[in-house]
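Novice: These protein sequences, in sequence, are chains R and Y. The first sequence begins at 197 in the numbering used here and counts up by one. The second sequence begins at 197 in the numbering used here and counts up by one.
Treat the hints as calculated values from the structure; they're not laboratory data. Hints are not guaranteed to be accurate.
Repeated chains share a single entry, so a pair holds when one copy, or any two copies, can fit it.
Simulated pairs of lysine to aspartate or glutamate, EDC-like, Cα-Cα distance not exceeding 16 Å [claimed, not checked]:
1) Lys442 <-> Asp314
2) Lys253 <-> Glu562
3) Lys560 <-> Glu336
4) Lys303 <-> Glu232
5) Lys442 <-> Glu279
6) Lys284 <-> Asp563
7) Lys278 <-> Glu200
8) Lys643 <-> Asp457
9) Lys560 <-> Glu252
10) Lys281 <-> Glu252
11) Lys340 <-> Asp545
12) Lys333 <-> Glu356
13) Lys359 <-> Glu562
14) Lys286 <-> Glu232
Number of protein chains: 2
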Amino acid sequence: MKTEILIIGGSAAGLVAATTAKSCNQGKGITLIRKEETVMIPCGIPYIFGSVMTSEKNILPDAGLHKLGVNIIVDEVTSINKEEKNCKTKKGEIIEYEKLIIATGSKPVKPEWLKGRDLKNVFVIPKDKEYLDSFHKQLENLHKIVIIGAGFIGIEVADELNKIGKDVTVVEILPRILGAAFDEVVANEAEQCLIDRGVKVNKGIGIKEILGTDKTEAVLLNNGEKIEADSVILSLGYVPNVELAKKAGLKLNEFGFIEVDQYRRTGEPDIFAIGDCSEKRDFATGRLSKTMLASTACAEARVAAMNLCKLSTVQTFRGTIGIYFTAIGDTAFGVAGLNKAVAIKEGFDVVTGSFTGIDRHPGKLEDSHKQMVKLIVARHNGLILGGEVIGGKSTGELTNVIGFMIQNNMTVNDVIVSQIGTHPLLTASPAGYPLIKAAEIVAKTLKS
Amino acid sequence: MKTEILIIGGSAAGLVAATTAKSCNQGKGITLIRKEETVMIPCGIPYIFGSVMTSEKNILPDAGLHKLGVNIIVDEVTSINKEEKNCKTKKGEIIEYEKLIIATGSKPVKPEWLKGRDLKNVFVIPKDKEYLDSFHKQLENLHKIVIIGAGFIGIEVADELNKIGKDVTVVEILPRILGAAFDEVVANEAEQCLIDRGVKVNKGIGIKEILGTDKTEAVLLNNGEKIEADSVILSLGYVPNVELAKKAGLKLNEFGFIEVDQYRRTGEPDIFAIGDCSEKRDFATGRLSKTMLASTACAEARVAAMNLCKLSTVQTFRGTIGIYFTAIGDTAFGVAGLNKAVAIKEGFDVVTGSFTGIDRHPGKLEDSHKQMVKLIVARHNGLILGGEVIGGKSTGELTNVIGFMIQNNMTVNDVIVSQIGTHPLLTASPAGYPLIKAAEIVAKTLKS
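Let the hints inform the model, and build the full structure from the sequences given.
Specialist: Now the structure itself:
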């Protein structure tokens, strides 16, 4: 068969690429090929274990694509022929394309060195519905769960399993949970939240091996301690899924991601790459990065689709700015841009300021929540490099406010002369809005 | 007595001016003089009738000012002597100042032409605790309440009184409630929300008079209809409180606000004016405006305090951008910048785009809420002029995202290549984030 635009991969990036390509390249035929009959909402996966109880309630719907006339094929591309501009599939199909977008995503790390990794009841967390459904079912009869790795997905799964009554222990090699994302104060508060809800946290200690004969029995830590485990969940990060690209001769960078330019174009002018499989460069430094986020993937997808048939210098991807957040119970934790530790490591001379207030006014309103905002600012020019937030459910959008400040190169001075909207039932008070107050504190430090 | 910086008025603007002045003009003595022993949180006033049940839980605390060493005087300034740079007070004090900030606020409109306006049980909504406490007490025995004016305060009070079991009717002369703030779709949905909760809405009809002998009995509308009323609450807007400034010979603009420049300086170089009493100019047009908002007042207060002793051309007030929102039950409604009707009236050629999604992903999560974003964009250059939001409790901060887009002169193109953060429990999905989708829809229209 022939298609004008072919997209490999049907998760968030592939879906958005198809939608945007349809809207920007009118009249062009678009085919999306994916392995999965049904696609999971990637960030929703931790919540199938507790909050929504089944993967069926966490499906990325096809309706929008069907409505736009995108041709969806469930099959697997086994090779790409760059010269002839076609792909071969597992079912024996040959699909000719004019433009190709690779969005093959990532897969969970299951380290070779880890003894016991193939024991029964050791799981990873891929975006694969069949695997997850089977994993979910097996968990029913397993009570003591040890989760290795306390990044976002690890702690979200921990909290969900705890919620349904499992005995959950998280093991993290770093000195703090979420330690790569957050500075100490926020990470510690997130940890306390998790502990208060009943999750056990074991940090600063690596894992030596998983013990058991045919099935998991315990986890042996580097300090000799053993933790009983009916099941071990490995949440050790993800690596780009690039076999196909590699086989096709596309260049990978030193971290193993498909190299792309600012239009998300690979070395091959008609092949683009987006999402977890494609190269990331940090917004603040331009250096290679490993940050994988569905939201960033979607931004890359929009950029690729808009530049597919004609390049536009004002529609480029400016580099990944990590904007992420999570919630543990009623408390949410967010970060945008660089945290202090990373900023310093990257060579920035920074000033930070933080302010803690309440996200309603008066604070006596029943659903009020403490709200803390911390800003990380370059000392010599006042540019906002990053921010962290602790608060209630509006933490997500408040972190996005900081994300837009960073993307617009705002300085603390710009922030303190800015106008924000406030309302008793929805935000902090205008006189004590933590984002503005934090900026004032930084401004004062910069002046003194 | 002598003070270096004197602030008249203790509401949000006065408070923020004092705090910022302390931080920016170190060492200077600051005195804040106000009439009220206890200051109400202005935007919290509607909620004393239901959600917090008493004005005692809606107090702007003095602790922060005391801690900073701000001298608070409860007294009333009766005259300002610009030449001698002093103020006389009701208690007979003479206060000499170096710099003066006027933040005398606004007072509710009680139109002269309205027959029956002085009947018993006719109330307005000032920021005066004593008045409000008495009003609140009197309401206990009054059941049928008619509120005249369906702006934000009118509908918030209506919803709160309905919540505690009163029979509430709102009368609005415009064809829609909140009609000055929102375009039709949002205003209609807000109205439906209010009606669903039990408030009666009577719109497109003015009021002729309030009937009654000694106390309120009914409201007579312009169409001859009578609505029984044990109490009538006038929520017809506010006028700047400028008697003092006028008497001192400070220039007022044609709308009756104290004239100021972009540093919030009056014609007199040592006298600044901020908040509801001071001149407003629209962000998009630079024309005089009447928009009064506590949040804007606080931004003006910061600017005035920063420029009090030395001007800074990068710390000016760029014009009022109306960013406001409210909640009716679990649904919130927000607007930033110009709505479509105002934009067209002001002479902009605009394109709008709106998208409705869900503020969680998967949408099956229990506290998910429909989320609609509409963008109002200049056709010739793609600049975002305004936005409207309907959604859950994160509507406030999402509206602030749009507010920052406008203040940063972002175009729809900038938005569609931007990165946002998303999370299942906190925001819409990255593939269906209504703000980005609305921008895409506008971008498509602009291209076609």
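Novice: Hint by hint, note whether the structure agrees.
Specialist: Okay, the hints, checked on the actual structure:
no.	hint	in the structure
1	Lys442 <-> Asp314	neither (27 Å within a copy, 83 Å between copies)
2	Lys253 <-> Glu562	between (31 Å within a copy, 12 Å between copies)
3	Lys560 <-> Glu336	neither (42 Å within a copy, 22 Å between copies)
4	Lys303 <-> Glu232	within (14 Å within a copy, 64 Å between copies)
5	Lys442 <-> Glu279	within (15 Å within a copy, 81 Å between copies)
6	Lys284 <-> Asp563	neither (55 Å within a copy, 44 Å between copies)
7	Lys278 <-> Glu200	within (15 Å within a copy, 75 Å between copies)
8	Lys643 <-> Asp457	neither (40 Å within a copy, 25 Å between copies)
9	Lys560 <-> Glu252	between (40 Å within a copy, 10 Å between copies)
10	Lys281 <-> Glu252	neither (36 Å within a copy, 73 Å between copies)
11	Lys340 <-> Asp545	neither (45 Å within a copy, 63 Å between copies)
12	Lys333 <-> Glu356	within (15 Å within a copy, 47 Å between copies)
13	Lys359 <-> Glu562	between (24 Å within a copy, 15 Å between copies)
14	Lys286 <-> Glu232	within (13 Å within a copy, 79 Å between copies)
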